[in-house]
Amino acid sequence: MSVSKNVDWLALRKDFPILDQQVHGQPLIYFDNAATSQKPRVVIEALQHYYECDNANVHRGIHELSNRATSAYEAGRARAARFINARTAEEIVFTRGTTEGINLVASSWGAKNLKSGDVILLTEMEHHSNLVPWQLLAQRTGAKITYVPITGDEGILDLSKLDSLLTRQVKIFSMVHISNSLGTVNPVADLCARARKLGITTLVDGAQSAGHMPVDVQAIGCDFFVFSGHKICGPTGIGVLWGRQELLDAMPPYQGGGEMILSVEYQKTEFKKAPHRFEAGTPDISGPIGLHAAMDYLDAIGRDRIWKHDQELANYAYEKLAALKNIRLFGPKTGRAGLVSFLLNDVHAHDVVTLADQAGVALRGGHHCTQPLMHRLGVESTARASFYFYNTKAEVDRFAEVVKEIQKFFGQ
Amino acid sequence: MFDELNDLYQQVILDHCRKPRNFHELPAASRSAQGHNPLCGDQLKLFLALDGDTIEDISFVGSGCCISKASASLLTEFAKGKTKADVEKMFGRVHEMVTTGKIEGDVGKLAVFAGVHKYPARVKCAILSWHAVMAALHGEVQPVTTENEQT
Ligand SMILES: Cc1ncc(COP(=O)(O)O)c(C=O)c1O
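Protein sequences appear in the order of chains A and B. 1 is the number of the first residue of the first sequence in this note's numbering; add one for each residue after it. 1 is the number of the first residue of the second sequence in this note's numbering; add one for each residue after it.
Check each hint, because a few of them may be wrong.
What the hints assert, rightly or not - Subject to a maximum C-alpha distance of 30 angstroms in a straight line, what follows is the list of computed DSS-like cross-link-like pairs (lysine-lysine):
no.	chain 1	residue 1	chain 2	residue 2
1	B	K19	A	K404
2	B	K109	B	K80
3	A	K408	B	K80
4	B	K82	A	K408
Since the hints were derived computationally from the structure, they do not count as laboratory data.
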């Protein structure tokens, strides 16, 4: 029995005004969800309601509107805590997104805890946002970066190498939960447990997992978890950094300014505790409000059901593509998350995407911000179809037809 | 299904993308330049054998989409035997053509790229090799990128 049968997936499409349109004279098929998701009406309305009824600055005013804005903003924090099963709302820091969350940890935690000779452990499948901040930190501190290798086109972490990589020099192990280029789901709970035994701090990049599967940071056992609102039906410009309270409280500020201080004198400042210590200046107030609506929306459907649905679509798409000739598929054969990366022989990913777009199908082509991974696979780029719960099997059928036509167009 | 795309993927372009001309390294090259399109990670390298201001021979290697490969291939066909001034003049025309669709003066076979302006994401692909040849002619050592190309 399939869990996904309990939900009327087609009816949910009506919650997304943007899906109901034609592109180049064809019905839009939006398969670029790993880049950003579409927004349901409830999220758009929450933003509109805030600006029409409650807009004011937070934490500073005494007046009614400021109270309302502050409590809506803080309710978003409490909601985010529940969304990932954080112990308290104080463990939730609002950021601009995954990228800023990782930069915050690398700058603040990293500056305090890393020194020359220490090692930062990453994996070969990381997004640039979980690579570049660590490279910058390594340059500043003299730390080194090492990588857990992958197994080739299937893109699974080669864990036989892990013991030799988890040395006493490793101070942080930062890993992607679900690869945005491969669809690999990493065994993060297991990886974090192994790191924890050695006293190594862990960060999980949940950009592709948070809105697609149930996430429980306590069960994962990581120290930091980051994700972006815009990939989980929320607005752009808002994201979440979760960190264990004791770690956050011990970290120096990331940026200085208003909101993050207890008292300021000309020569010194006392900072607030986490999370406010890390939220300098007027924050994105509407962001947590929109994100709150998005989280409510997703959990009303059930992320366990969404996960099942996405996986079913991805497997279906994978099988359809695997049946074609002259195609190379990336990522695991089984247990993949809701996306499929592929290359057609002798056809560049950008040509695939341009042609698919003409047929109304929105794909992504390129290195997906994982250039080192592309080089590891020996390619410059791939084409990627990534799914969410509002996508359908009929759309996958049409997509597979379009891919066949693209092959014909290029004479294959 | 893709009739609308015939002005982007003209037959000449498809032909040059499948069978790029002058697609090899050039041992006798006196200049070379690399082009990089950060959007897609595409790299190409141009080789020029100059005699004074005249391009005696020209070739390229690298990877890229159909548009960028065909553009480089047609560029090498055009540039062989031409002077630096000829290539500079044509660079201006090609740039105008792929960004606005306007053809000024005689651009010969290169007119097949006029359709590119309707696909803003692809302008960089069509202009990459032209930036590279300009860099090679001016003896620049830094790889050129299309990063700052206004599309
Ligand atoms: C795995 C992964 N990590 C990090 C990011 C960066 O997210 P953002 O651009 O929202 O900061 C993305 C999204 O592109 C991603 O897919």
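Quick rundown of the hints versus the structure:
1. The straight-line distance between the Cα atoms of K19(B) and K404(A) is roughly 22 angstroms, inside the 30 angstroms bound, and the hint therefore holds.
2. For the suggested pair K109(B) and K80(B), the alpha carbons sit about 14 angstroms apart, so the restraint of at most 30 angstroms is met.
3. A hinted pair counts as satisfied when its Cα atoms are at most 30 angstroms apart, and K408(A) with K80(B) does not qualify at roughly 33 angstroms.
4. With a C-alpha separation of about 37 angstroms, the suggested pairing of K82(B) with K408(A) is violated against the 30 angstroms cut-off.
Comparing the model with each earlier hint shows violations of hints 3 and 4; every other hint is respected.
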